[in-house]
Amino acid sequence: MSNVPADLRYTASHEWVRSLPDGTVEIGITDHAQHALGDLVFVDVPEAGRQVKAGEACAVVESVKAASDVYTPVAGTVTGGNAELASSPELINQDPYGKGWMVRLTPADPAAIGALLDAAAYQATLAASGG
Amino acid sequence: MGRRTPLHDLHVALGARMVDFGGWDMPVHYGSQIEEHHAVRRGAGLFDVSHMCVVDLLGEGVRAFLRRLLANDVARLKMPGKALYSCMLNERGGVIDDLIVYFRAEDAFRLVVNAGTRDKDLAWIRGQARAAGARLEVLERSDLAMIAVQGPKARELLAAQLPMAERAATLALEPFFARDVARDPGGAAALAGVGADAGVADATRQDGWYVARTGYTGEDGFEVILPAGQAAGLWRALNAAGAASCGLGARDTLRLEAGMNLYGNDMDESRHPLESGLAWTVAFDPPERDFVGRAPLDAARAAGAGAKLVGLLLEDRGVLRGHQRVVVPGVGEGEVTSGTFSPTLERSIGFARVPRATGGEVQVDIRGKLLRARVVKLPFVRQGRILVDL
Numbered sequence: 001m002s003n004v005p006a007d008l009r010y011t012a013s014h015e016w017v018r019s020l021p022d023g024t025v026e027i028g029i030t031d032h033a034q035h036a037l038g039d040l041v042f043v044d045v046p047e048a049g050r051q052v053k054a055g056e057a058c059a060v061v062e063s064v065k066a067a068s069d070v071y072t073p074v075a076g077t078v079t080g081g082n083a084e085l086a087s088s089p090e091l092i093n094q095d096p097y098g099k100g101w102m103v104r105l106t107p108a109d110p111a112a113i114g115a116l117l118d119a120a121a122y123q124a125t126l127a128a129s130g131g
Numbered sequence: 001m002g003r004r005t006p007l008h009d010l011h012v013a014l015g016a017r018m019v020d021f022g023g024w025d026m027p028v029h030y031g032s033q034i035e036e037h038h039a040v041r042r043g044a045g046l047f048d049v050s051h052m053c054v055v056d057l058l059g060e061g062v063r064a065f066l067r068r069l070l071a072n073d074v075a076r077l078k079m080p081g082k083a084l085y086s087c088m089l090n091e092r093g094g095v096i097d098d099l100i101v102y103f104r105a106e107d108a109f110r111l112v113v114n115a116g117t118r119d120k121d122l123a124w125i126r127g128q129a130r131a132a133g134a135r136l137e138v139l140e141r142s143d144l145a146m147i148a149v150q151g152p153k154a155r156e157l158l159a160a161q162l163p164m165a166e167r168a169a170t171l172a173l174e175p176f177f178a179r180d181v182a183r184d185p186g187g188a189a190a191l192a193g194v195g196a197d198a199g200v201a202d203a204t205r206q207d208g209w210y211v212a213r214t215g216y217t218g219e220d221g222f223e224v225i226l227p228a229g230q231a232a233g234l235w236r237a238l239n240a241a242g243a244a245s246c247g248l249g250a251r252d253t254l255r256l257e258a259g260m261n262l263y264g265n266d267m268d269e270s271r272h273p274l275e276s277g278l279a280w281t282v283a284f285d286p287p288e289r290d291f292v293g294r295a296p297l298d299a300a301r302a303a304g305a306g307a308k309l310v311g312l313l314l315e316d317r318g319v320l321r322g323h324q325r326v327v328v329p330g331v332g333e334g335e336v337t338s339g340t341f342s343p344t345l346e347r348s349i350g351f352a353r354v355p356r357a358t359g360g361e362v363q364v365d366i367r368g369k370l371l372r373a374r375v376v377k378l379p380f381v382r383q384g385r386i387l388v389d390l
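Heads up: the sequence lines are chains A and B, in that order. All residue numbers for the first sequence refer to our numbering, where the first residue is 1 and numbers rise by one. All residue numbers for the second sequence refer to our numbering, where the first residue is 1 and numbers rise by one.
It cannot be assumed that every hint is accurate.
[Claimed, not checked] Taking lysine to aspartate or glutamate and the DMTMM-like style, the derived pairs with C-alpha atoms no more than 20 Å apart in a straight line are:
no.	chain 1	residue 1	chain 2	residue 2
1	B	Lys308	B	Asp365
2	A	Lys99	A	Glu26
3	B	Lys120	B	Glu315
4	B	Lys78	B	Glu174
5	A	Lys99	A	Asp7
6	B	Lys369	A	Glu47
7	B	Lys369	A	Glu56
8	B	Lys369	B	Glu315
9	B	Lys369	A	Asp69
Hints in this document: simulated from the structure, not taken from any laboratory.
Kindly generate the complete structure, drawing on both the sequences and the hints.
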């Protein structure tokens, strides 16, 4: 049973979004996603300043087995990526909602966050897909 | 639902993540693929390889038939129990499959072929036998399971599961040798009795274990072919003795580090062995031996052109994967055939098919960026030791 914190927002493609006090958001992949991918060995995060659209592939996570894109849940401007993941990609496996965060960005439209899945809705998508 | 091995329910009970592999439901890992990989390099790991197909070839003309069927020469198998790795080629020299052939007795050879190719292999072998007029029986042994026990501690752990009288001889097996192991003294007598009265062909159908000092990891160890009903018991006993359950994920990273090809990735029917790093497995001598696929190989060898398969170590950050484009400046292009992250090297490694003139440096196109990779001599790792400069 995967961990789905109640205070975050989610996408059906298994990203999570946390609203930070300064108006930016933090993005990562869910516990379900890291478990499905297995041991992560490589993470590529975007540079600060990059403009991203909602649903755009903005980062890559690679497990021993395969590479997967990470999609931006909301449009915005990247303020930074988690530099620690370059040397320690396993942080995503160990702490997907904490030290394993991937990207921070300033959303173009803060209201877009509220339109994402809440924890209960994300749980329901997992249950529907047998996860 | 895919096909299941005799160990399927045990894998599920052990928490394996099951995936489809060539039509079979197989464990990819039991929690952490990387930990399973390290377990094999440092201690011992267990692999269910029952999806591979054991084929017994029985009859008087078997050796002559195999000298025609296989690109390696079974005339090299002089002592019973000796094993040989070989390609089985089509008439164009393309690789139908790679396999291991064991010489059990003059009228009983055993092949172990890949899971994904078993149906076409059996059809090919039977067709070739008919065409050659060979008097032999091609017996698919679906009644058997196969467990690989691999790692520096593997042999002693397996030996401890054998009857006392069988241990010393089993531990004394040289690499690429195998032996029949009787499971109990009564069984041994029965086996010997049948062998004397009715020939080894019938003895191969008895309930012994066939233990081979072979593997696909670059570590020491055994592969055990045994009756399907006894597989789960052996697995549990080896687990309890400290051997880790390992899935196909670790099997793939281990074989890549060991520089071993995977059929379907690194060679297939469209390529001949000389383009797949397998020239060493083709016995060109004696020149009069007419094996299937020989003529195109002789021609390719004389021409000296074509592609070669090399090992790659990625110098930049990223992960090599099959089908990535390889750029060889001033020479041409090639393709990654297998790639992964190596848990032992903590770097990305792979194999690539590149033009023969390729030197020491290439570039690999990973998501539109050309990253630097170095051509290295295989294997990357052997018996726990890193053999390439990092």
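Each hint tested on the structure:
1. Lys308/B x Asp365/B: Holds. Lys308/B to Asp365/B sits at ~19 Å (cutoff 20 Å).
2. Lys99/A x Glu26/A: holds (11 Å)
3. Lys120/B x Glu315/B: Roughly 40 Å separates the two Cα atoms, so the pair is violated.
4. Lys78/B x Glu174/B: Measuring from Cα to Cα gives roughly 14 Å; hence the hint holds.
5. Lys99/A x Asp7/A: Cα-Cα ~17 Å, so holds.
6. Lys369/B x Glu47/A: It holds: about 15 Å lies between the C-alpha atoms, which stays within 20 Å.
7. Lys369/B x Glu56/A: holds (18 Å)
8. Lys369/B x Glu315/B: Cα-Cα ~13 Å, so holds.
9. Lys369/B x Asp69/A: holds (16 Å)
Consistency note: the structure conflicts with earlier hint 3 alone.
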